[in-house]
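Could you build all of it, start to finish, from the sequences and the hints given here?
Number of protein chains: 2
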Amino acid sequence: MVELDFNKTGGLIPAIAQDHETGEVLMLAYMNEAAWNKTLESGMATYFSRSRQSLWKKGETSGHVQVVKEIRIDCDNDTVLLKVEQKGGAACHLGYKSCFFRRVVKGDDPVIMEQQIFDPKKVYK
Amino acid sequence: MVELDFNKTGGLIPAIAQDHETGEVLMLAYMNEAAWNKTLESGMATYFSRSRQSLWKKGETSGHVQVVKEIRIDCDNDTVLLKVEQKGGAACHLGYKSCFFRRVVKGDDPVIMEQQIFDPKKVYK
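Those protein sequences? They're chains A and B, same order as listed.
Heads up: the first sequence begins at 1 in the working numbering, then just goes up one per residue.
Heads up: the second sequence begins at 1 in the working numbering, then just goes up one per residue.
Hints are computed from structural coordinates only; laboratory data are not their basis.
Worth double-checking, as some hints may not be accurate.
Because identical chains cannot be distinguished in the list, a pair is counted as satisfied if it fits within a single copy or across any two copies.
Below, simulated SDA-like cross-link-like pairs (lysine to any residue); rule was C-alpha separation at most 20 angstroms, straight line [unchecked claim]:
(1) Lys87 / Leu40
(2) Lys69 / Glu114
(3) Lys57 / Lys87
(4) Lys106 / Glu24
(5) Lys122 / Gln53
(6) Lys8 / Asn32
(7) Lys38 / Asn7
(8) Lys121 / Asp78
(9) Lys87 / Asp119
(10) Lys38 / Pro110
(11) Lys57 / Leu12
(12) Lys106 / Asn32
In structure tokens, the structure reads:
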């Protein structure tokens with residue numbers, strides 16, 4: 001069994017979701033111990049919503065769930081990497097595959113680098 | 001210009017480093033605003049060390065610096081993704097290419113999935 005270090009950062013550790021086939025980084029969210037256990041047990045990515053202060057099964061509203069294919073932990077036991085199958089093709093609530101759809105170059109405004117997969121207004125009603 | 005939201009998490013935001021060629025997730029560290037600005041200006045990944053409470057140019061001890069090839073930010077402006085060229089072939093202080101070298105399966109001990117690239121005792125003297 002592995003003991004993750006939830007105490008270092010006040011009970012929440014970052015969890016990165018990565019497309020298990022392409023390696024694209026889809027999003028970063030946070031897990032408390034309950035979210036971690038739920039993810040292990042269910043095989044579906046489950047985070048802790050900081051805004052709602054509650055467990056958050058990714059995709060519970062949009063249907064865009066993340067099926068966990070592999071779980072990695074880092075050398076300090078305080079970050080999780082989930083390799084997932086992203087249902088619906090998009091992880092971002094703004095309709096992009098990845099939340100990291102904007103590129104930054106020093107001094108300029110961020111530039112959108114990707115195509116929108118869905119219209120958020122139609123998914124989140 | 002982009003304004004990252006450093007206040008949401010007490011001045012530090014997570015920064016993911018990803019191999020710019022293979023897509024492998026190498027590590028996660030944290031940035032304060034000074035680390036972010038230094039990374040933008042220098043083109044070398046610079047984080048904030050929580051243990052030392054100071055700016056940390058990745059590789060300043062080991063020589064395993066990260067040359068930043070591309071910077072992405074997430075939809076909430078509170079996470080950074082760096083696509084980097086990892087000098088020395090390994091990001092992890094334990095000598096592995098990625099800090100995420102251990103796989104977790106429910107109920108079992110973590111399993112090391114990768115080969116060590118260097119011997120930490122020889123690099124950190």
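**OP:** Go through the copies and call it for Lys38 and Pro110: within, between, both or neither, with a Cα cutoff of 20 angstroms.
**Re:** between (35 angstroms within a copy, 18 angstroms between copies)
Subject >> Intra- versus inter-copy proximity for Glu114 and Lys69 (alpha-carbon distance at most 20 angstroms) >> reply: between (25 angstroms within a copy, 18 angstroms between copies)
Original post:
Is it within, between, both or neither when you check Lys57 against Lys87 at 20 angstroms Cα-Cα?
Top reply: The answer is within: 13 angstroms in one copy meets 20 angstroms, while 37 angstroms across copies does not.
**OP:** Have a look at Lys121 and Asp78 and pick one of within, between, both or neither, based on CA distance no larger than 20 angstroms.
**Re:** neither (35 angstroms within a copy, 23 angstroms between copies)
Subject >> Intra- versus inter-copy proximity for Asn32 and Lys106 (alpha-carbon distance at most 20 angstroms) >> reply: between (34 angstroms within a copy, 16 angstroms between copies)
Original post:
Between the shortest in-copy and the shortest cross-copy C-alpha distance, which are at most 20 angstroms for Lys87 and Asp119: within, between, both, or neither?
Top reply: within (16 angstroms within a copy, 40 angstroms between copies)
Original post:
Quick one: Lys8 to Asn32, C-alpha cut-off 20 angstroms, is that within a copy, between copies, both, or neither?
Top reply: both (12 angstroms within a copy, 17 angstroms between copies)
**OP:** Could you figure out if Lys57 and Leu12 sit no more than 20 angstroms apart (CA to CA) within one copy, between two copies, both or neither?
**Re:** within (16 angstroms within a copy, 25 angstroms between copies)
**OP:** Classify it for me, Lys106 with Glu24: is the Cα-Cα distance of at most 20 angstroms met within a copy, between copies, both or neither?
**Re:** neither (23 angstroms within a copy, 24 angstroms between copies)
Original post:
With identical chains treated as interchangeable, where does the CA-CA distance between Lys122 and Gln53 reach 20 angstroms or less: within a copy, between copies, both, or neither?
Top reply: For Lys122 and Gln53, neither the intra-copy (25 angstroms) nor the inter-copy (45 angstroms) Cα distance is at most 20 angstroms.
Original post:
Is the C-alpha distance from Lys87 to Leu40 at most 20 angstroms within one copy, between copies, in both cases, or in neither?
Top reply: within (18 angstroms within a copy, 34 angstroms between copies)
Original post:
For the identical chains here, do Lys38 and Asn7 meet the 20 angstroms Cα criterion within one copy, between copies, both, or neither?
Top reply: within (18 angstroms within a copy, 29 angstroms between copies)
The structure is inconsistent with the numbered hints 4, 5, 8, although it conforms to all the rest.
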